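*Asks:* Single-letter residue listing:
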Amino acid sequence: ATDLRFATGFAPNSTGEKGALAWADHARDISGGDLNIQVFAQSLLKFTEMSGGVRDGIADMGMVLFPYFPAEYPNSTMISELTMLFASMNTGDRGGIAWAGALTEYITQHCPACVEEMKAQNQIYTSSSSTEYLLMCTKEVKSLADMQGIRLRAPGAQWTRWAQSVGATTVSIPQPEIFEGLTQGILDCSLQGAAELVDLSLIDAVKYIVRDVPGGGFGGTGQVNVNIDTWQALTPEQRTDLLKSAAYHGAVVSWNYHVNNKAALEKAAEKGIGIIDPADDLRSHTVAFIENDLANIARNYQEKYGLKDTEQAVATFKSIFERWTGLVADVQSAEELTDLYWNEALSKVDVNAYGF
Amino acid sequence: MSNIDIGFTCLGLLLVLLALRVPIGISMIVVSFGGLWSLTSWKVAWGAIGVVPFDFTANWVLSSIPMFLLMGFIAYHAELTKGLFEAARVWLARLPGGLAISAVFGSAIFAAICGSSVACSAAMGRIAVPEMLKSNYSAELSTGTVAIAGTVGALIPPSILLILYGVIAQQPVPQLFMAGFTVGIVSVAGYVLVILLRVWTNPSVAPKVRRDVTAAERRAALWDTWPILLVMAGIFIGLFGGIFTATEAGGVGAFMATVVGLMKRTLTWKRFRAAALECLLTTSALIIIGLGASLFTRLLAISGIGSVISDAILGVSESQLVILLMIVVVYLVLGCFLEPIGAILLTLPIVLPVIKAGGHDMIWFGLLLVKLLEIGMVTPPVGMNVFVIKGIVGDRVKLAEIFKGVMWFLVMDLVVVGLMIAFPHVVLWLPKVVFG
Amino acid sequence: MTALGALISRVIALFTNLGSLFVIVMMVHIAADVVMRYVFKSGLTGTIEIVTSYYMIIVGFFSLCFTEEKNRNISVELFADMMPKWVQKHLDGLAYLLSILVFAALMVRNWEEALKKHKVHAYVTSGDTNIPVWPAYYIIPLGTALVLVVVLYKFVCYLTGAKSGLDTSLDEVDPDVQPGEAA
Ligand code: NA
Ligand code: NA
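Protein chains in written order, with our numbering: chain A, 1 to 356; chain B, 1001 to 1436; chain C, 2001 to 2183.
I should point out that these hints are in silico values taken from the structure, not numbers from a laboratory.
For clarity, every value in this text was computed on a predicted model and none was experimentally measured.
Some hints could be false.
[As the list claims (entries may be wrong)] For lysine-lysine, the following DSSO-like pairs were computed, each having C-alpha atoms within a straight-line distance of at most 27 Å:
id : chain 1 : residue 1 : chain 2 : residue 2
1  : A       : Lys267    : A       : Lys308
2  : C       : Lys2116   : A       : Lys119
3  : C       : Lys2116   : A       : Lys308
Using the sequences and the hints given, assemble the complete structure.
*Replies:* See the structure below:
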């Protein structure tokens, strides 16, 4: 058996750690005990250390968040900035599970530059997870006019641009201080996953939750990035099993988010938090903004960071994502989702060529 | 050698290096590097010492530590604290042991803008101890009171130790600060009680100070406290009025202390520089230990001895209370000879999992931990607060006398620790009220 | 030798002054951000990123040499203090030797890391603005190189028995408070 250290920056007992532990069991099962994965939740590497930590082999595998290292992973980070497609494609609460599949397919099949940039950091990509973000506020915001002067925490550049376009101002506050910011009035609104209602206790601070607008979510995870020396030292069978189980990992985490988000929203509604549908003017403004911003993102990455054919890359990814929104429409379990990620994306990877 | 064996060998080696007076940070880095190397490979160990330093230091919550230090040092060097003791003394003139009680109140108020226990003792010690000695207070009572009263500097927010605990244990600092209020105030009440009891049983330790105080004098004395009250009010209003966060309060508070010092015309460039230098010394000493501790955590994780030790502690008894009392005793012993920053960073990687597994509230434990470490600041043989007071009184009072003067208060501190364990919800009451 | 020590102390003073300057800049920057946010609804872009990636690294690493010069590293003194003076002298030598190894390793390794970050021009994003952080990575090898010089010099003085001539007095700071141990 081969012992492998997996590091995640999620806290013990979080949705993220539980997913990782389930994955470790899954990998042990399908490999007949040959892959022995030990999960380190926060004790080995934090998210901010993950890229260098996997590169240097402090962990054999780790969950790398690309937007934390935009200079190291420009191609993958660019794609992660496109998640507001959730709003324009109206993916509702299935945006995250579709995104994870689309990103896996895109990076492994359609983006040699992505694979190369991971290789430059001495690692290979295997799979992703994703979830939707929701706009959570202490004030009722429904229309474009309501957004004027709102103080908003935006978790990325694309939402910052959107906030500017609707006349809101962005406040930068680190994630653990969101609760304090909302209760003390430094923030009116904040964008994050519904799970944070419980995990960051935002349920006690938030009064309104806006559906669908501005959309988007976390779209830049390398769920299981593997140190390249570790990868190459595995047998072809082990590499296949690792990829299969990576599909499971991405699926189980994304699916658990999907389920937990629903539960968190129900709990919020029970608590009397208003779940608002945005007014038409805010919705249509947002959709128009997104179309325009996609072109912006492609241009930015081409001009500022010297990437090539970014417009083509955005178009390719967009069509892949569209296909995936259809694929996941009727998925009912993490297992079904795993099969999709495997059949539609990861089974096509040649384990004797990938990462060599 | 198994991973566990390597881990325990490293732990043993660490203790040897510490005993040989190798700086704590250096010891931890050496041992962690060697341990990671033998557990995995040179490449991993070499990688780790490049990944960790930047990331550990570039931390937003941690950045409030130099700022809170700066605020306290500015307030102290610019003499913003000066009127405090005088005001308390004029108002409490009639109480038996009034001067000692004044010193406690003065420390408590200064604690609200000073994050460190030693700085708090030093500030009040310089003003209050000579005054008490002059008024024929016993040497033991005079020095012991100020040494112990300084410890509330780390309980009443801001508190460097609570911030550090928040960073390591990933607990919200505002909640820790709120809970710190309660524990700090209860401690202050306890110290006042001890003074009253001592003076009542032995009036000779604090002779009645004959001095008639007019109403005008009282008002004047109160007026002299404006600099510190202004800074305090600024922080309070800013925090609760949604103007800044607890992390930003350090920088803003230091700025306000600077402005008030300039208004009062007591903040010279030389004094400001002294405050900045102290801030640098403390911060860099903390960073190098923090780095070592951060590396050591990885060694504990990969070798697996972290969980072996935690499990062993948990296996000692079925009763959580017994395990908790064991931890209390361990920290009281460690506190005798370790400095709190070192003690926190050395022990938390092992102790936190035990506390989590025991189902204890992590905010509550943070307060218990800081309270225990603060007791260590006044216990022999190494008691930083006592050493500071000794530095101020020079040859007038023996070190042993100061330690003896502290003993009475230590009994009360142990009672407070007992109360904290018996009534954890009281500690957590204020955070709950404020943050829901 | 003492002349060399005095020279080293002068270099340390230079970097300490720089560190002090950045403590002040950090304070003003944070306060300005809060004021701007309150008055104009929008704070200074990138405050958190600049405070953490630049000021903290400077404050933490430029002053290592200062702490070393003033002998203010935190250690457990209890057992060593009970030993005879000549033993203590050699314990100091051991501490210097290990410090040399640690700071040399940190210097070389973090120089490598800085080169890697430089190569990709590492940055972080705050709002819609990119803030380059790669230059900050060079501060760590620089800071550790400075402290390495100090401990190397102390070690040589220990071996030769020469008087160091380093300025160890704390008069400029505060002789009572014993900074570096305050918490
Ligand atoms: Na305090
Ligand atoms: Na002690």
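*Asks:* What are the numbers of the hints the structure violates, in ascending order?
*Replies:* 1
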